[in-house]
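Engineer: Sequence:
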Amino acid sequence: MSRAATVSTSPEASAVSRPDAGDSSRANVYKRLSSALAFPDLALHERATADKWPDEIAAEVAALPYRLRMHDLAWPAPDDYDEMQSEYIRIFQIGGRRGPPCPLHEGHYTRDRSHTLRHLIRFYNYFNFHPAEGVMPDLLSIELEFMSHLAGGGVSDEQSLLRAQRDFLKRHLSWLSTLSERVARSGPPRFYGSLVKLADRFVAADQQFIKTTLGGIRDA
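Quick note: the sequence shown uses my numbering, first residue 1, plus one each step.
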């Protein structure tokens with residue numbers, strides 16, 4: 001059974017330094033969340049049940065250029081791997097007759113999914129990002145992986161890269177707050193409840209951080 005994370009900080013982003021175009025700390029958190037929100041593999045289950053996950057995510061969050069509240073999050077995952085998979089399927093993939101209570105595809109939270117998909121594909125192609133074949137481009141884990149790709153730098157100049165991250169967060173990850181509310185109502189394992197809540201907080205804080213940073217660059 002996993003223990004609660006011990007990092008206790010403010011939920012808001014506050015710039016402590018001007019980042020480089022490539023920010024490995026932010027890229028690492030996006031990558032970690034992307035991996036954890038994909039269909040659970042045995043490696044994730046083993047880390048979660050062996051108490052490795054809280055330390056891993058806490059260390060990566062602590063390296064961010066701003067503070068993020070985590071003290072109220074706990075990470076107990078189902079002891080049985082099959083149960084963890086079943087809960088993921090129930091909450092995010094199948095659910096009941098009306099479908100999953102908390103779908104992980106952005107298009108379920110927009111008025112026009114086809115427009116959302118086209119816009120995502122243009123974003124991905126422009127920045128030379130290629131999701132795995134057979135995976136819909138609006139899947140949350142793919143969108144978070146793309147943000148890791150952008151935050152890692154090396155694909156554009158600094159201001160353009162930060163503006164792209166700002167725009168992508170605003171246009172394609174604002175639905176995380178709705179997802180977090182739905183997950184809380186679905187009776188999830190604490191692991192997934194905390195995971196989605198952390199993703200929502202991180203995206204909101206990162207959006208504010210980028211906005212503040214772009215303002216500082218313009219004023220420099």
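Hints are computed from structural coordinates only; laboratory data are not their basis.
Please note that a few of the clues may not be correct.
Simulated crosslink set (DSBU-like; lysine-lysine; CA at most 30 Å straight-line) [as the list claims (entries may be wrong)]:
(1) Lys-211 <-> Lys-170
(2) Lys-31 <-> Lys-52
(3) Lys-31 <-> Lys-211
(4) Lys-170 <-> Lys-31
Please read all numbers here as calculations on a predicted model, not as lab measurements.
Engineer: Which of the numbered hints above does this structure break?
Structural biologist: Failing hints: none at all.
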